[in-house]
Amino acid sequence: MIWLTWRQLRGTALTTAAALLVLIAVLALTGPELASRYSAGIAGCAPAGTCDDFFDRFFDEHQLPFLALTLVVLLLPALVGLFWGAPLIARELESGTHLLVWSQSVTRTRWLAVKLGLTGLAAMAAAGACGLAVTWWSGPLDRSAVPELAQMSPLVFGARGVAPMGYAAFAFVLGVTAGMLVRRTLPAMALTLAVFAAFQLAVPFLVRPHLMPPVSAAFELGPANVDSVHVSGPGGGPVQLFLSTSAVPGHAGAWVLSSELLDPAGRTTSGGGGGGPSSTVERFVPVSTTSGPCAPSLGRMSTDACLAEISRLGYRQQATYQPLERFWPVQWIETGIYAVLSLALAGWCFRRIRRGWA
Amino acid sequence: MTTVLRAQALGKRYGRRWALRECTVDVPAGHVVGLVGPNGAGKTTLLKLAAGRLRPTTGDVTVLGGRPGSTPAQLARVGFVAQETPLYAGLTVAEHLRLGARLNPRWDDGLARARVARLGLDPGRRAGRLSGGQRAQLALTLGLAKRPDLLILDEPVAALDPLARRDFARGLAQAAAEHELSVVLSSHVVSDLEKVCDYLIVLAGSRVRLAGRTEELLAAHRRPGGRLSLEDLVLTYLEARP
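Chains as they are written, first to last, in UniProt numbering: chain F, 1 to 358; chain A, 1 to 242.
If you are wondering where the hints come from, they were derived from the structure by calculation, not from laboratory data. Computed from a predicted model, the values in this text were never measured in an experiment. Just so it is clear, CB atoms sit at the ideal spot from N, CA and C, and this is done for glycine as well. Honestly, I wouldn't trust all of these hints.
[Stated by the list, open to error] Simulated coverage check for chain F against chain A, where a stretch passes if three residues somewhere in it have a Cβ under 8 Å from a Cβ of chain A: (1) 1 to 14; (2) 99 to 106.
[As the list claims (entries may be wrong)] Some chain A residues flagged as far from chain F (calculated, every beta-carbon gap over 10 Å): (3) Thr58; (4) Thr62; (5) Gly66; (6) Leu75; (7) Leu119; (8) Arg166.
[As the list claims (entries may be wrong)] Below, a sample of chain A positions facing chain F; criterion: calculated Cβ distance under 10 Å: (9) Gly65; (10) Gly69; (11) Pro72; (12) Gln74; (13) Ala76; (14) Ala82; (15) Pro86; (16) Leu91; (17) Gly100; (18) Asn104; (19) Arg129; (20) Leu130.
Let's have the full structure, built from the sequences with the hints guiding it.
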C-alpha cells in the first residue's frame, strides 16, 4: 500500500520537492549575506541613534522578496489541499479505481490510513520546511519591518514558524473530506478552496486575537505611534493628529488590535473622518496653536516639541495588542487547533469509510 | 455441495430506493456461475455486497463462510473485477502486477507474468493506452493472480467487441479449470454466458427465478420440437411474473 501511495504521489511530490529544494538553496545562499548586512547596519546606526532610518531603508530594499516569500508560504497549504487533498479519494471514485484497489487483500481502513498518513505527512513536511526556511531567512527583515507587516500581524504571522504545517495538514484533510463528500475532483477542489479561504480569513481576525488575552496599555505619544501633527491654519484651532493604528512604542513586531487617543480626563476622543496616511486615525487635540510649542513659528512647527506638549497635557495612546513575545505560544496554540481540526476531519473520513460508504 | 455465496433476505437501500430487496440465493462451489437478469435487477448490488464493497441494509450475506470484506484474510480469498474493469490509467501493465504483488499475500507472480506474456501485453504500456479488451484481460489477470477461492466478475464483457468477448470467455474458462476456482459472473446478455457457465442463476426483481446446472436446466426444458436455447429458457423465466 505504501508503494502504491508513493507511486500515485510520486510525480507531484518530486516536482514539489525539487521546487522547494531550489527555494531553500536560494534562501540558504542569500540568507547569511542578508543577516550580515543587517548586523553591519545595526552596528552603524546604533551609536548615532538612527536605526529607525536604517530599518526603513533596509526593509524597503528587500520588500519584494519579503512579500513574495510570505505569499508562497501562505499559498502552499492551499495548493496542497487542492492538488493533493481533493483528488486523493475523488479521483479514485471518478475513475472507479477504488473498486480495483479495494479488490486487493487490503482493508479499506488500511488503504485510507496509508494514503492519508503518507500524503498528509508529505504535505506537512513541505509546508513545514518552506515555512521554517522562510522564517529563518526573513529574520532580519521581520526585525525591521514596517508596523503593518509586523511579525505578529495577520499576514506575516501565518507565513512564519510552525503554523504553515498546521494549515497544510488541515487543508489536505479538508480536501480529502470534500472529495469523499462530493465525489468529484473539480467540485471538491472548489469546495476545499472556499472553506479553506474562509478559515484563513476567519481565524486571524476572529480567533487569533483571543487565543491569549490581549495586552491593554496606555502609551505616551511620540514618533513611534504618531504619524504626524498638523496645524489647521494660521487662525488657530485644534491640532490635527494622525495616531498610528498599527504601532505602539517599545513593542516592535506587535500586532495592534485597537488604538485610541485618550484625553487628559481618560476619555476616548472621537475623530474626524479625514483621510490621512494609511493605518492611522485622525484626531483633533484642543491645544493652543497661536502660542506655545504647537504654534507655527516662521510658518513651521516643531512636531517633537508639539507632541511633547500634547503628552505633557495628559493625552495618551490607549492600545490593545499582542506583543511579539507571544509569537511562539500563539504559533503552537494555533497549530494545535488546526491539528485537532485535521484529526476530527480524518476521524470522520475513517468512520465514513468503515461504515461501508462508496 | 458446499456454498461459496449465500444470501438470505438480503436488501440494500440507497436513500429511499431499494436496489436489492429480499434476495435469497445459494451459489454452489466449483462452478462458473452465470448471474443473469435484466438491467436494474440488482445484479451489481448483489455482487458488490458479496465482495464487501457494500454493507447490506437488511438480511445477511456470507461468502466462503465469512462476512465479506471484513478482514484481509477474507479479502484475499475473494477476487472482484468491477464493471468496466477499472485500472489506474497512469500506471503501466508491469506496475499493475507490482500493485497486485504488493497488496496480496497469495499473489502468484508466475501466473500473472505468464498470462500477460501470453496475451501479448507490453509490460511498459500504460493502462490508459490499452484497448478495452486488453484492459479487461489485465483486470482478469489481477483477479486470477491473487489466487482467490472465489472470483466475482461484474459484467466483465459488457464493453467488449465480439472477438474480445470470446477471448475473455476462453481465458476465464481455462483459468477456472486450471485453478479449481469458483466463479460468479453477471451479464444481461445470455449469449455471453452460454460458452463459459455451467451453472445459471436468473435474477429478476431481486428474486431468484431459476437456478441450476446449465445442462440439467436445458435437459429438463426440452421441447418436443428440439433443444431449447439457453436464451429462450432465460426469457421464459424472465417473462413469467410471480
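Hints versus structure:
1. 1 to 14: holds (count 5)
2. 99 to 106: holds (count 8)
3. Thr58: holds (13 Å)
4. Thr62: Non-interface label on A:Thr62 holds, nearest chain F Cβ at 16 Å vs cutoff 10 Å.
5. Gly66: holds (13 Å)
6. Leu75: At roughly 5 Å from the nearest Cβ of chain F, A:Leu75 sits no farther out than 10 Å, so the non-interface label is violated.
7. Leu119: Check passes; 18 Å lies beyond 10 Å.
8. Arg166: holds (24 Å)
9. Gly65: Status violated, d = 17 Å.
10. Gly69: holds (8 Å)
11. Pro72: holds (5 Å)
12. Gln74: holds (9 Å)
13. Ala76: Constraint on A:Ala76 satisfied, holds at 4 Å.
14. Ala82: holds (4 Å)
15. Pro86: A:Pro86 check passes; min Cβ-Cβ to chain F is 3 Å, inside 10 Å.
16. Leu91: holds (7 Å)
17. Gly100: With Cβ-Cβ at 7 Å, under 10 Å, it holds.
18. Asn104: holds (5 Å)
19. Arg129: Hint violated; A:Arg129 Cβ to chain F Cβ min 15 Å, cut 10 Å.
20. Leu130: Cβ of A:Leu130 sits 14 Å from chain F, so the hint is violated.
Of the numbered hints stated above, those contradicted by the structure are hints 6, 9, 19, 20, listed in ascending order.
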